[in-house]
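Peer 1: So you can see what is in the structure, the chains are spelled out below.
Protein chains: 2
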Amino acid sequence: MSTPVSPNSTQLYIGIDGGGTSCRARIEDAEGNVLGQGTAGPATTRIGVDSSMQAVRTASEAAVMDASLMPSALGHLIAGVGLAGIDRKGAREALMSVTHPFQDVVFASDANVACLGAHRGRDGGIVVLGTGSIGFASVKGRELRIGGYGFPISDEGSGADLGLQAVRLALRAHDGRISPSPFLLEVIEKLGSDPVALVAWAEQATAKDYASLAPVALTYAEARDPFAEEIVAEGARQAGVLIRSLVEFGAPHISLLGGLASRMVQWLSPEVAHFLSPPEADAVAGALLLARRKGSVPIDSSGQRKGAQIC
Amino acid sequence: MSTPVSPNSTQLYIGIDGGGTSCRARIEDAEGNVLGQGTAGPATTRIGVDSSMQAVRTASEAAVMDASLMPSALGHLIAGVGLAGIDRKGAREALMSVTHPFQDVVFASDANVACLGAHRGRDGGIVVLGTGSIGFASVKGRELRIGGYGFPISDEGSGADLGLQAVRLALRAHDGRISPSPFLLEVIEKLGSDPVALVAWAEQATAKDYASLAPVALTYAEARDPFAEEIVAEGARQAGVLIRSLVEFGAPHISLLGGLASRMVQWLSPEVAHFLSPPEADAVAGALLLARRKGSVPIDSSGQRKGAQIC
Numbered sequence: 001m002s003t004p005v006s007p008n009s010t011q012l013y014i015g016i017d018g019g020g021t022s023c024r025a026r027i028e029d030a031e032g033n034v035l036g037q038g039t040a041g042p043a044t045t046r047i048g049v050d051s052s053m054q055a056v057r058t059a060s061e062a063a064v065m066d067a068s069l070m071p072s073a074l075g076h077l078i079a080g081v082g083l084a085g086i087d088r089k090g091a092r093e094a095l096m097s098v099t100h101p102f103q104d105v106v107f108a109s110d111a112n113v114a115c116l117g118a119h120r121g122r123d124g125g126i127v128v129l130g131t132g133s134i135g136f137a138s139v140k141g142r143e144l145r146i147g148g149y150g151f152p153i154s155d156e157g158s159g160a161d162l163g164l165q166a167v168r169l170a171l172r173a174h175d176g177r178i179s180p181s182p183f184l185l186e187v188i189e190k191l192g193s194d195p196v197a198l199v200a201w202a203e204q205a206t207a208k209d210y211a212s213l214a215p216v217a218l219t220y221a222e223a224r225d226p227f228a229e230e231i232v233a234e235g236a237r238q239a240g241v242l243i244r245s246l247v248e249f250g251a252p253h254i255s256l257l258g259g260l261a262s263r264m265v266q267w268l269s270p271e272v273a274h275f276l277s278p279p280e281a282d283a284v285a286g287a288l289l290l291a292r293r294k295g296s297v298p299i300d301s302s303g304q305r306k307g308a309q310i311c
Numbered sequence: 001m002s003t004p005v006s007p008n009s010t011q012l013y014i015g016i017d018g019g020g021t022s023c024r025a026r027i028e029d030a031e032g033n034v035l036g037q038g039t040a041g042p043a044t045t046r047i048g049v050d051s052s053m054q055a056v057r058t059a060s061e062a063a064v065m066d067a068s069l070m071p072s073a074l075g076h077l078i079a080g081v082g083l084a085g086i087d088r089k090g091a092r093e094a095l096m097s098v099t100h101p102f103q104d105v106v107f108a109s110d111a112n113v114a115c116l117g118a119h120r121g122r123d124g125g126i127v128v129l130g131t132g133s134i135g136f137a138s139v140k141g142r143e144l145r146i147g148g149y150g151f152p153i154s155d156e157g158s159g160a161d162l163g164l165q166a167v168r169l170a171l172r173a174h175d176g177r178i179s180p181s182p183f184l185l186e187v188i189e190k191l192g193s194d195p196v197a198l199v200a201w202a203e204q205a206t207a208k209d210y211a212s213l214a215p216v217a218l219t220y221a222e223a224r225d226p227f228a229e230e231i232v233a234e235g236a237r238q239a240g241v242l243i244r245s246l247v248e249f250g251a252p253h254i255s256l257l258g259g260l261a262s263r264m265v266q267w268l269s270p271e272v273a274h275f276l277s278p279p280e281a282d283a284v285a286g287a288l289l290l291a292r293r294k295g296s297v298p299i300d301s302s303g304q305r306k307g308a309q310i311c
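Heads up: the sequence lines are chains X and V, in that order.
Just so we're aligned: 28 in the UniProt record's numbering is position 28 of the first sequence, and the numbers increase by one with no gaps anywhere.
Just so we're aligned: 249 in the UniProt record's numbering is position 249 of the second sequence, and the numbers increase by one with no gaps anywhere.
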């Protein structure tokens with residue numbers, strides 16, 4: 001049976017990590033006990049702020065149901081929401097005027113909540129190496145964000161970036177401008193065996209499609225294919241630049257996150273790898289931390305907290 | 001008054017250069033006298049083979065009118081047509097089944113007719129440096145095409161490629177990963193002064209938009225801005241690889257064509273620049289050459305030539 005939650009109950013919190021692929025939500029009580037979890041589809045503001053908020057709501061409702069709470073409980077939760085694409089033009093303004101189902105909400109970038117989770121709110125930085133890449137650090141209340149502006153203008157060292165370099169080299173090999181290696185032959189074969197098919201593929205390809213070639217590059221790099229090694233080593237060098245920049249900003253520890261992190265780490269130089277430490281918790285934990293901080297803001301005379309906030 | 005053209009008149013030829021921006025047509029008689037010229041909008045097969053052929057027809061009709069010929073004269077012309085994007089998936093097949101308004105027609109790629117024009121049908125090669133880039137050579141009846149698969153997977157040394165590298169470096173400078181130079185500051189300012197505006201620009205940007213930054217890179221490179229120099233020098237190195245590949249294929253001379261050719265030439269290494277010679281004629285002249293060769297094929301018993309042909 002669903003449990004009603006009244007304003008007199010212990011305050012509950014919901015943390016939400018809204019990414020480009022999925023949206024994950026988790027409800028905890030004041031003591032940090034997990035009560036329920038839920039997921040939904042993409043929540044990046046790239047799909048539009050309304051669709052983004054719909055995904056946030058769907059994941060939250062699923063978590064409320066998983067926690068065996070009444071649907072109305074949503075209105076009593078304080079929410080921390082990490083959203084991909086929050087730095088896109090007009091996104092912050094749109095989020096501040098959108099209606100949300102929570103008692104109160106604080107929004108931040110997905111990188112910000114990932115960083116909060118990785119270091120449990122203490123000073124530190126993260127470098128995400130997934131389809132895209134980004135560096136983010138929080139030090140003494142100041143934040144630094146580097147890269148992560150999207151593909152192909154940014155996201156050095158990301159899966160999409162490795163994939164694009166693979167396609168470029170594969171075409172040069174096809175033309176005879178460089179000698180084909182097993183890796184480059186496999187890339188051409190994977191994309192349709194000839195440049196005509198490959199060009200047709202590229203006309204439709206998204207960052208995710210390019211990123212699908214990154215594991216191939218990593219496998220061949222590990223087997224010492226010279227072109228795969230060149231691509232992966234350059235990606236690692238760029239990831240190293242991100243890590244160093246965060247360290248220079250003052251971040252004492254950096255966590256490497258994202259789907260490529262575990263395989264890219266061995267390609268980092270020892271001086272750079274030295275700054276890495278495993279993440280202590282996930283991005284949803286970071287979003288919950290934001291929600292708790294928001295919950296500690298005193299309630300004003302109207303019985304409302306300060307209102308939706310972006311940090 | 002319009003002049004009628006009957007099958008008994010001297011044979012007339014039309015050469016057409018159908019590019020990504022415009023389509024140019026020129027009618028000549030058997031002696032090479034220019035009778036008329038016409039233009040139309042883009043004719044690349046990227047817009048669809050039907051739209052492409054519509055542009056070819058429009059430019060041809062304008063040339064017929066300019067030559068003071070009867071509209072029906074079109075059906076007596078032998079046409080050579082160079083088309084951008086002829087190597088795209090399905091384009092050649094579609095062209096062979098499309099109805100054309102000419103007595104006879106032969107299609108080739110835009111690079112092929114540019115090469116024929118540049119060397120007046122003799123062995124040689126071209127490297128085009130414009131919005132895109134491509135290398136093409138014809139030697140002893142064999143042809144080699146390198147690059148030109150489109151942006152961002154190919155087209156090294158092109159305007160779009162230089163522009164993309166400029167944006168990537170500008171964002172790194174904004175983040176403090178590298179020290180900003182006057183060039184990189186101007187790139188950021190040109191694209192909206194902050195990364196949020198720049199990302200919004202990039203989400204819409206075409207190869208042509210990226211290429212609009214190439215002249216900026218060249219100007220700063222000439223003034224020795226280190227990042228502009230790095231970008232332009234790498235573009236020239238890639239253009240050099242194209243030139244060398246064509247020379248190794250056997251092309252005795254290479255012509256550098258396209259909007260960036262005149263400014264990029266000074267960045268080529270002397271060993272590479274040594275192979276360059278100015279083009280003798282334009283791509284339309286190359287298309288006319290194709291038409292004349294087609295016209296020299298004997299007419300079969302049905303009174304028709306071999307029919308539409310792609311080379």
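Some hints could be false.
The list that follows gives simulated cross-link-like pairs (lysine to aspartate or glutamate, DMTMM-like), each with its CA atoms no further than 20 Å apart [to be verified]:
{"no.": "1", "chain 1": "X", "residue 1": "Lys-208", "chain 2": "V", "residue 2": "Asp-175"}
{"no.": "2", "chain 1": "X", "residue 1": "Lys-89", "chain 2": "X", "residue 2": "Asp-66"}
{"no.": "3", "chain 1": "V", "residue 1": "Lys-208", "chain 2": "X", "residue 2": "Asp-194"}
{"no.": "4", "chain 1": "V", "residue 1": "Lys-89", "chain 2": "X", "residue 2": "Asp-50"}
{"no.": "5", "chain 1": "X", "residue 1": "Lys-89", "chain 2": "X", "residue 2": "Asp-50"}
{"no.": "6", "chain 1": "X", "residue 1": "Lys-89", "chain 2": "V", "residue 2": "Asp-175"}
{"no.": "7", "chain 1": "X", "residue 1": "Lys-89", "chain 2": "V", "residue 2": "Glu-189"}
Label-pair distances were calculated between CB atoms; the ranges are [to be verified]:
{"no.": "8", "chain 1": "X", "residue 1": "Gly-192", "chain 2": "V", "residue 2": "Ala-30", "range": "54 to 62 Å"}
{"no.": "9", "chain 1": "V", "residue 1": "Arg-293", "chain 2": "X", "residue 2": "Thr-21", "range": "25 to 33 Å"}
{"no.": "10", "chain 1": "V", "residue 1": "Ala-273", "chain 2": "X", "residue 2": "Pro-182", "range": "53 to 61 Å"}
{"no.": "11", "chain 1": "V", "residue 1": "Ala-281", "chain 2": "X", "residue 2": "Pro-270", "range": "24 to 32 Å"}
{"no.": "12", "chain 1": "X", "residue 1": "Leu-276", "chain 2": "V", "residue 2": "Thr-219", "range": "50 to 58 Å"}
{"no.": "13", "chain 1": "X", "residue 1": "Pro-182", "chain 2": "V", "residue 2": "Asn-33", "range": "52 to 60 Å"}
{"no.": "14", "chain 1": "X", "residue 1": "Ser-212", "chain 2": "V", "residue 2": "Ala-281", "range": "56 to 64 Å"}
{"no.": "15", "chain 1": "X", "residue 1": "Ser-212", "chain 2": "V", "residue 2": "Ser-179", "range": "44 to 52 Å"}
{"no.": "16", "chain 1": "V", "residue 1": "Thr-21", "chain 2": "X", "residue 2": "Pro-71", "range": "32 to 40 Å"}
{"no.": "17", "chain 1": "X", "residue 1": "Pro-182", "chain 2": "V", "residue 2": "Pro-270", "range": "16 to 24 Å"}
{"no.": "18", "chain 1": "X", "residue 1": "Pro-270", "chain 2": "V", "residue 2": "Asp-50", "range": "40 to 48 Å"}
{"no.": "19", "chain 1": "X", "residue 1": "Gly-192", "chain 2": "V", "residue 2": "Ala-281", "range": "53 to 61 Å"}
{"no.": "20", "chain 1": "V", "residue 1": "Gly-141", "chain 2": "X", "residue 2": "Ser-22", "range": "38 to 46 Å"}
To be clear, the hints were calculated from the coordinates, so they are not data collected in a lab.
Note that beta-carbon positions come from the ideal geometry of N, C-alpha and C, so glycine has one too.
Peer 1: For every hint, state whether the structure bears it out.
Peer 2: Verification of the supplied hints:
no.: 1; hint: X:Lys-208 to V:Asp-175; in the structure: violated (24 Å)
no.: 2; hint: X:Lys-89 to X:Asp-66; in the structure: violated (35 Å)
no.: 3; hint: V:Lys-208 to X:Asp-194; in the structure: violated (26 Å)
no.: 4; hint: V:Lys-89 to X:Asp-50; in the structure: violated (38 Å)
no.: 5; hint: X:Lys-89 to X:Asp-50; in the structure: holds (15 Å)
no.: 6; hint: X:Lys-89 to V:Asp-175; in the structure: holds (18 Å)
no.: 7; hint: X:Lys-89 to V:Glu-189; in the structure: holds (16 Å)
no.: 8; hint: X:Gly-192 to V:Ala-30: 54 to 62 Å; in the structure: violated (45 Å)
no.: 9; hint: V:Arg-293 to X:Thr-21: 25 to 33 Å; in the structure: violated (55 Å)
no.: 10; hint: V:Ala-273 to X:Pro-182: 53 to 61 Å; in the structure: violated (36 Å)
no.: 11; hint: V:Ala-281 to X:Pro-270: 24 to 32 Å; in the structure: violated (60 Å)
no.: 12; hint: X:Leu-276 to V:Thr-219: 50 to 58 Å; in the structure: violated (42 Å)
no.: 13; hint: X:Pro-182 to V:Asn-33: 52 to 60 Å; in the structure: holds (57 Å)
no.: 14; hint: X:Ser-212 to V:Ala-281: 56 to 64 Å; in the structure: violated (46 Å)
no.: 15; hint: X:Ser-212 to V:Ser-179: 44 to 52 Å; in the structure: violated (35 Å)
no.: 16; hint: V:Thr-21 to X:Pro-71: 32 to 40 Å; in the structure: violated (58 Å)
no.: 17; hint: X:Pro-182 to V:Pro-270: 16 to 24 Å; in the structure: violated (36 Å)
no.: 18; hint: X:Pro-270 to V:Asp-50: 40 to 48 Å; in the structure: violated (60 Å)
no.: 19; hint: X:Gly-192 to V:Ala-281: 53 to 61 Å; in the structure: violated (37 Å)
no.: 20; hint: V:Gly-141 to X:Ser-22: 38 to 46 Å; in the structure: violated (57 Å)
In this structure, the hints that do not hold are numbers 1, 2, 3, 4, 8, 9, 10, 11, 12, 14, 15, 16, 17, 18, 19 and 20, in rising order.
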